[in-house]
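Engineer: Sequence:
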Amino acid sequence: MENDTKLTKREKWGLTIKTAVQAIPYVGGPLSTAIFDVQNERKIKKLENYLNSLHTEFEDYKEGHFIPKDEEEFAALVENIFEQVKVEHKKEKIDYLRNFFKSAVKFDSAGLYDRQQSFLKALSEMDIIQCQILQIMYDEDRKVLQGIFSEIATETEFDPYELVGAANRLANLGFLKTYYKDVDFTNDELELSLNKTIEISSLGKQFTEFCLKDQ
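Sequential numbering from 182 applies to the sequence shown in the working numbering.
If you're looking for bench data, these hints aren't it; they were derived computationally from the structure. Computed from a predicted structure; not experimentally measured. You may find that some hints are simply not true.
What the hints assert, rightly or not - Cross-link-like lysine-lysine pairs, in silico, BS3-like; alpha carbons within 27 Å at most:
#1 Lys302 to Lys362
#2 Lys267 to Lys227
#3 Lys287 to Lys274
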């Protein structure tokens, strides 16, 4: 067998799992199709739709020719973007990934690839509530967390602790600064947390501009 036709370890593992699934009596065949064939088809379709949207976005640049400052680093970044597109199921996150790609082209710099990779990793792990908090806070000086609760537009109800957890995760990423101001510390834990004052950091603003704002 020629070297270029040899299966990688990942491909061999995938075939092993697929064979094991197919071997399950009664449900093996349909289950294998649902897990592998349909899943791969959906991933390809997601990527196809994403690329079509980029084609539309860059139509005005037909006369130009983009040359990355570091082709290897940029290629690695794009590969990671595409992998994230294939597994992302929320439309809002796909839109953010399109913003991300446009920003990566617009602000291409050899010294920024590490930060862009860290932004992409953060975006991949963030939920919609976290993204909404950053978008709300981008235009605000500072705000009590409780004040954001009613501003977040969600299709389903969510627990106040989700908001507290989302703000804490953003603070851990360095995107938000949180502190207490004029708070009654005799309140219960949830009330105390919701009365935290939050403020977007300079890094949080950079992330919001790069990933969440349409370029």
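Engineer: Taking each numbered hint in turn, which are not upheld by the structure, reported in ascending numerical order?
Structural biologist: Number 1 - this is the single hint that the structure violates.
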